[in-house]
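Visitor: Chains as they are written, first to last, in this note's numbering: chain A, 45 to 411; chain B, 45 to 411; chain C, 45 to 411; chain D, 45 to 411.
No lab work stands behind these hints, which were simulated from the structure alone. Hints are not guaranteed to be accurate.
[Said to hold, decoys possible] No farther apart than 20 Å at their CA atoms in a straight line, the calculated lysine-lysine pairs in the PhoX-like style are these: (1) D:Lys186 - C:Lys208; (2) B:Lys103 - A:Lys300; (3) B:Lys186 - A:Lys208; (4) C:Lys300 - D:Lys142; (5) D:Lys142 - D:Lys300; (6) A:Lys300 - A:Lys142; (7) D:Lys103 - D:Lys368; (8) B:Lys300 - B:Lys142; (9) B:Lys368 - B:Lys103.
Because the structure is a prediction, the values reported are computed rather than measured.
Protein chains: 4
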Amino acid sequence: MSSSFGRLFRISTFGESHGGGVGVVIDGCPPRLELSADDIQPDLDRRRPGQSRLVTQRKEADRATILSGVFEGRTLGTPIAIVVDNTDARPAAYDHMKDLYRPSHADFTYEAKYGLRNWQGGGRASARETIGRVAAGAVAQKLLATAGIDIVAWVSEVHDIVAKVDADTVSGADVDEAGPTRCPDPDAAARMVDSIEQARRDGDSLGGVVTAVVRGTPAGLGDPVFDKIDATLAHAMMSLPAVKGFEIGSGFAGTKLTGLAHNDAFVPGPDGPRTATNRSGGIQGGITNGEDIVMRVAFKPTATISSEQDTVDRDGIATTLAAKGRHDPCVLPRAVPLVEAMARLVVADHWLIQRSIDVLGPTDETT
Amino acid sequence: MSSSFGRLFRISTFGESHGGGVGVVIDGCPPRLELSADDIQPDLDRRRPGQSRLVTQRKEADRATILSGVFEGRTLGTPIAIVVDNTDARPAAYDHMKDLYRPSHADFTYEAKYGLRNWQGGGRASARETIGRVAAGAVAQKLLATAGIDIVAWVSEVHDIVAKVDADTVSGADVDEAGPTRCPDPDAAARMVDSIEQARRDGDSLGGVVTAVVRGTPAGLGDPVFDKIDATLAHAMMSLPAVKGFEIGSGFAGTKLTGLAHNDAFVPGPDGPRTATNRSGGIQGGITNGEDIVMRVAFKPTATISSEQDTVDRDGIATTLAAKGRHDPCVLPRAVPLVEAMARLVVADHWLIQRSIDVLGPTDETT
Amino acid sequence: MSSSFGRLFRISTFGESHGGGVGVVIDGCPPRLELSADDIQPDLDRRRPGQSRLVTQRKEADRATILSGVFEGRTLGTPIAIVVDNTDARPAAYDHMKDLYRPSHADFTYEAKYGLRNWQGGGRASARETIGRVAAGAVAQKLLATAGIDIVAWVSEVHDIVAKVDADTVSGADVDEAGPTRCPDPDAAARMVDSIEQARRDGDSLGGVVTAVVRGTPAGLGDPVFDKIDATLAHAMMSLPAVKGFEIGSGFAGTKLTGLAHNDAFVPGPDGPRTATNRSGGIQGGITNGEDIVMRVAFKPTATISSEQDTVDRDGIATTLAAKGRHDPCVLPRAVPLVEAMARLVVADHWLIQRSIDVLGPTDETT
Amino acid sequence: MSSSFGRLFRISTFGESHGGGVGVVIDGCPPRLELSADDIQPDLDRRRPGQSRLVTQRKEADRATILSGVFEGRTLGTPIAIVVDNTDARPAAYDHMKDLYRPSHADFTYEAKYGLRNWQGGGRASARETIGRVAAGAVAQKLLATAGIDIVAWVSEVHDIVAKVDADTVSGADVDEAGPTRCPDPDAAARMVDSIEQARRDGDSLGGVVTAVVRGTPAGLGDPVFDKIDATLAHAMMSLPAVKGFEIGSGFAGTKLTGLAHNDAFVPGPDGPRTATNRSGGIQGGITNGEDIVMRVAFKPTATISSEQDTVDRDGIATTLAAKGRHDPCVLPRAVPLVEAMARLVVADHWLIQRSIDVLGPTDETT
């Protein structure tokens, strides 16, 4: 259960890494939005394997086909089904993993939950599942663009390398131009390349942090109590493979400040109150205040490594494993479009929900 | 919208800090569970203000009344409504805040979202809303106890003071005996008391970290993809007031390890595979592996401070504010039962969902 | 589970017939709507027992208290909790039913489902549960009034007495003035009074039909496929106690017409297409076409009768039962506000959802 | 929105009549269920056009492809995506309908709702959408079979022809052998054939009633209050195209009985209480009592007829229309698998939900 996400802009993904294909059904996209497969493909290209020597060499064209919900170049308001075929599946490469559990993978837990698993390439737990998310995120972005909302994510840390990036000004173009690391600090990016290549040579892997900023949200998005926008962002990001932590605004570092130092003073702005600082990360009480939403997402080092590791097999006997499949020594560059996609989905959903709240005139008008 | 949380064990909270009362409706609690108000009161007592000089002096008896869903000492399977009256409301204490926005509070954002707000004591954004969560969490714990699942949370950091606590062995009794800080490291606790009292004298406030461990979960809880149990825990914790970050297992620190150092090797155990280490925090691919679930939750320093701060009023004019109401110089001690409550709600929900998945016999039986 | 209904205008009811009280939490009511308990009480008065000699003589004041969600006379956008105490509970009157199953009641099925039941007066299956629905329906009506939508229901049949009422013109005032039968055909009403009183004298009971009309809905409300507005209306009405059938527009009688006779020809209207006839009942493809929505709801004769009936006890032994409690010889008059409440809830929900669909400009503008 | 149905056994359909294809994603099917496309195809064959001269001659192979969720012949517990291509689409046949509204179709209402529509063959409102439902229903039936639950539906009325069928004994085989009418009363079936063929010759169409019986449900399925099993069945059936009415048990006819005649007396049975009669239709208080669930569903005469009818075009100008496409003079025979599919989906969902309620031992054990 629960391959669905969102309330009004609601997606359901499907598919295993090996099998007929993967995809997504988007229910709740408003009608009359211009949309074609060309709007989706660029983001799938940024996500797919084989883009550079820093990531897995699995070759997948990952071509999106829109099966429904679009007519004469516009959304119909009906479900948009998008399918991507699995073309470079090599199930035989996983034969040696059929009867044992890869450390820090989901092999054992899926089997504990379901009593069986598709052992070919991770099955449902494969990163290929995220193709549907990225495709849906591209559609969400088309909607957000109509409201002037823009989202940029980048690699801000790989292992112990911390990039210097100005979250207030960095653009999506800066990230694209940063090359295969997707880190828009050239110096840090160069060191990241070296570290990732060394990890590959060592049969090892690296983790890191993706930072994302949402710009242009109006004040007022997010639902109090359980569906605070930071809570749904956390839910969204923690649902991505390999994520171990989430921060909004000042995050864990904020706990080292006192209230006086941490509070964001309000100052008069041309269109209403602004804050002098943004340790709130654009969200107060779970609702946007109009400042940039800034978040950080921690990705653990890739679990699949070619070094030999201890494990047990399905009979509970100790054994060892060294991965033979193609894999990423560092997922961070490919994680950037995933973080963007999830942020887009969350913000689009809250933006639509706010439409149902803003239905009556202001109090002052009616008194 | 969205004052509800959970899928099968589903709660809906209601109430503002000032008004008739606050409470919760629990829909989906299984029938035949022994339950009375006495099961709920101890947790409300741990949450309520006025327990020690470290927290707000607001006096609320916070007595729970069960309006429905229980008959002759057992749950009926029907909705359990629990109401707590507001008895020490002093709305006049908030008069001076009626027309201005407290920094890093939800005053401005609620008004941006809804066009009006209950300015008395935080309204819906008040921590009093969490009474309903704690009451529901106590009911969830009764259910989890039948499955041998136990949850312990404690204050692990206040400002720059880091406690040394063994997450493998610390018990709820240890936390209760730790006194008003709820930090079961006596040395750290003593320093925390000093720091919090100093912050109060300074008209300032402190933040910190609550750590929680879930013990006794069977392998297999949690739904892949969007409702991974770490994702729903993150959602739950980030929905608490003042939370800015969430980590599971190795968290952000895990990004500094390589894959070889980070992976949890499987080793044979008496009842199936165990892991030699637990950097996964008991969760792999979003599903429990039977090890302890370990998480950390960052709380920012309390926004309400008696020092003077810059802000603006509803007309957009710059002004200053110094809080006069009763408030917590540090919410961490009172946050412990909140974190426990949310963890209980999440785990109970996933545990019930797993009942609907385990309905067919194992594959081997049917072949 | 599932004491909740609606998507954006979402209600959760709670409470048994005997116990602390019954009520409802409304989540998703837009902010800035004028609301007080006085808006709710008239509908509760129309629903409550003891209004006339045609219905049960149980005495309940049924006074609504709004616990939350309203501030200074307006909705806050936060959950509106409404509670009504149980004041005339006489559990002793049900002692003789403790260990046996009333025919055509929910005693046996609740016990089969939950393993126990509150045997005092029907527990959760009591019609007192509908108090929360009626209170929420009154709030929904305040919202619908801002959109010019009005709903009128009336008793159109009791047993074999069929009223003549013009659905195009009958008003709520007509129904109120019709007296205790709520049948605005004076001749039929007089015969209904005689029949109901005779049934009471006979220790028997009668059923009938409530007809409802929704006027003023814009074209376009209702979601295709599973949440067609006629499907959600059917769901809502069939969830009321004692309902056995639902019809929209031509209903079962429409199956006796041919397509040529049944189709509603479109004709030009001042504000767009109208239909010459309305066998569609205002709904085509699950979406409103702007004509009146007309539906019929069948209520079985009251299950509680004072005549002796065969049944079995909890030990499976055959026995007999004659009801002693206070009960309605005919629920139809009290069913009218229930049908209105459910229709209001459904239409308000669809109306809010349409706000999230109408977010982009028309196609023609953007091309 | 809202192309999803169900809570634990949850389906999402997608697709228009013309476009890449139609299909369904099933989320929540338990793992380890044997499943292949061969389990689905027979039901699709019973639904598809072109089976006999009584129905539309549109030719569609309607071959189901399972894209995900099944591995080595068993369900994985992950989403099952099923796609059926559109192969005999003839959009040109609809060119003349592009700018006008077919009477009693959804053309006008879709345009009112969405501002645009796929005018080729009904788009999303086409009966082709039901392919996904039928495919999902076949999967649900595999699950229900493990619990001994069986569902049979048949054509009980066409226009004014009423079949005599014993609901207690009629089998699926009887319906299959009844030939193209799917009415297992040979005499009535013969008259139905004559009537339907006459309607076709007249350029007209007929409606009717499908009756369905669910056998083998344990007592206790169905959720009180809003998700009574009769309410969710009504929702499901009213969501099918062309349905105008729904009855459970005694239905509208039951309103003509008195309580004494209508009540189902309990009698001792070998495995607990049984009812001497079944006017409740197997459901009391929204929960199954173990007797057969019996329901009736009214289908209006097909809206598409070749006779000339009055209508208006998109500019509001009066015009006429005579359908040229291939269409069904009577949908009843093809409606049988649709009713069965929806009943299967509802019962499977309630059956899974009951697993989460039956988690604690009986009261007597714990006292």
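Visitor: Identify every previously stated hint that the structure contradicts and give their numbers, smallest first.
Guide: The structure conflicts with hints 1, 2, 3, 4, 5, 6 and 8, although it agrees with all the remaining ones.
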